[in-house]
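Participant: Sequences are here, hints too, so could you generate the full structure?
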Amino acid sequence: MSGPRVLVVEDEAALVRILRRTLERKFSVEVDSAADGQQGLAFATDTPYDLILSDIRMPQMDGISMVERIRQGAGPNRSTPVVLLTGHHEEGKAAAEALDARFMGKPFSRQALFEMVGDLLAAS
Amino acid sequence: MDADDTATSHFLRNVIDSVADPIFVKDDEHRLIEFNRAFREQVGLTREQLLGKTDYELFPRHEADVFREKDQDALRSMRESVNEETITDAQGVMRTISTKRSAFVGADGRTVLVGVIRDITSLREAERRDLEMTQRLATSAKFAALGEMAGGIAHEINTPLAIIQGLADELLDMAEDGGFDRGDVLRLNDEITTTVERVSKIISGLRAFARDGRKDEPDRVTLEALASETLALCRENLEVLGIPLELSGSAGGVLVSCRSTQIVQILLNLLNNARDAVAGTPSPRIELRMDRSDDDDEAQLSVIDSGPGIPPQLRERIMEPFFTSKPVGEGTGIGLSIAKGLAEDNGGTLTLDVEHPNTCFVLRLPRADPGDTGEEDEP
Chain S
56 MSGPRVLVVE DEAALVRILR RTLERKFSVE VDSAADGQQG LAFATDTPYD LILSDIRMPQ
116 MDGISMVERI RQGAGPNRST PVVLLTGHHE EGKAAAEALD ARFMGKPFSR QALFEMVGDL
176 LAAS
Chain X
662 MDADDTATSH FLRNVIDSVA DPIFVKDDEH RLIEFNRAFR EQVGLTREQL LGKTDYELFP
722 RHEADVFREK DQDALRSMRE SVNEETITDA QGVMRTISTK RSAFVGADGR TVLVGVIRDI
782 TSLREAERRD LEMTQRLATS AKFAALGEMA GGIAHEINTP LAIIQGLADE LLDMAEDGGF
842 DRGDVLRLND EITTTVERVS KIISGLRAFA RDGRKDEPDR VTLEALASET LALCRENLEV
902 LGIPLELSGS AGGVLVSCRS TQIVQILLNL LNNARDAVAG TPSPRIELRM DRSDDDDEAQ
962 LSVIDSGPGI PPQLRERIME PFFTSKPVGE GTGIGLSIAK GLAEDNGGTL TLDVEHPNTC
1022 FVLRLPRADP GDTGEEDEP
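Chains S and X, in that order, give the protein sequences.
With the first sequence counted from 1, adding 55 to any position gets you the working numbering.
With the second sequence counted from 1, adding 661 to any position gets you the working numbering.
Please note that the accuracy of each hint is not assured.
Keeping only pairs whose Cα atoms sit at most 16 Å apart, straight-line, the calculated EDC-like set for lysine to aspartate or glutamate is [as the list claims (entries may be wrong)]: (1) Lys81(S) <-> Asp834(X); (2) Lys731(X) <-> Asp689(X); (3) Lys714(X) <-> Asp688(X); (4) Lys714(X) <-> Glu724(X); (5) Lys714(X) <-> Glu690(X); (6) Lys81(S) <-> Glu837(X); (7) Lys731(X) <-> Asp688(X); (8) Lys761(X) <-> Asp734(X); (9) Lys714(X) <-> Asp726(X); (10) Lys81(S) <-> Asp830(X); (11) Lys81(S) <-> Asp838(X); (12) Lys714(X) <-> Glu695(X).
Stretch-level coverage of chain X by chain S, calculated; a stretch enters the list once three of its residues show a Cβ under 8 Å from a Cβ in chain S [as the list claims (entries may be wrong)]: (13) 827-839; (14) 889-903.
Read the hints as simulated data drawn from the structure, not as lab findings.
Built from N, CA and C at the ideal position, the CB exists for glycine as well.
Facilitator: Below, the structure written as structure tokens:
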């Protein structure tokens, strides 16, 4: 049986690479990545995930609209835990509350990310 | 003097007394020989107290010095002159006046000086208040634009910081694994350096925007540098809205002479307008275009948007202060007028290209003199 699957939605390629490497190394997860909300929504419509990590401000579709659609859609991720990763802290906190998601402000310490991701994966 | 003369003289005295502007007449030794009621009231002295007096007996020395000099000029040249001066009135209040002087030669062969004074104190005061108001509005418009960008800037900076943190963690992993691969270290170093440069660029753009560039010496910069400084500040804002911003054209590194801060302000203003014009339209697009102008003395930057365009009846008015086509509460109506003023301050122009099928604002800037600082101009 394969490990947990995580979807990373982030338009910064360097950050995607960092998150992928870090998460794979720490949690032996499989990581899919999408460069914007539209792509993320397409992944989430098809594949069940144990966790979704998403930026907010992205081209095409922002992270908030994407999470709303995932939650309200008919796909397999209606109740998948979501972490909003954003540099816009006020916006991120407010959106996390509204969407029943977790918030992690950029820049983040790896320790904090590990704790949050570890908690959410253990619960799922 | 016969009866007729007396009647005429009386009549003329009434005529000049009925004029609301103070009038004075002096002989060639600068003594007052005639004046009207308005002049007496301004100075606050009686006819007897004034007749035969010179300005030095009536006004503070620094004011009298100016009056004497201008009187002498008029007497010498016999030409009409208008001069702005200050005068302390009967209440001890300093007034700003515009004095029109002329001279003629009287029947006795001596030169006579006639002055008409117009009090322009309230006019100048109103102008000063207008100017202050314009400056205050310019500042508040700047801060409004800055506030609009602030959210975007937090994200712009925090994201690269997250990247740098991630790369630092990668180094830590390498240390823990006990194997430093030379290629990996070089790659990480390169990525960190590039990311730090990205943050520095945003910060220097922000500092340049926030400070007052009005008194800066003009820089010699390329259009490419101006465009990239501007994009660093607004790219995020447009990206969030899903509005692609295309940088097009080429000025081939030609240098223009301008205060960069102000040019960035103009471009941000135009890009903000373009954003508002295309937001919510199908397939929105904004283009920032660089061109060597047809005119060899200039180069130009154009901001073109895919919006619905500016209705012909509004084109004439869009650069007027306080004119806005945005809904109440959204536009201040001073953005474009200030942008136009800034362009002109930099020896350039800001115009709407009415020939263009889309909305296209063209900012022309004077090219820097080749070699005026001994630098190499051509790429």
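Participant: Find the hints from earlier in the document that the structure breaks and name them by number, from lowest to highest.
Facilitator: none
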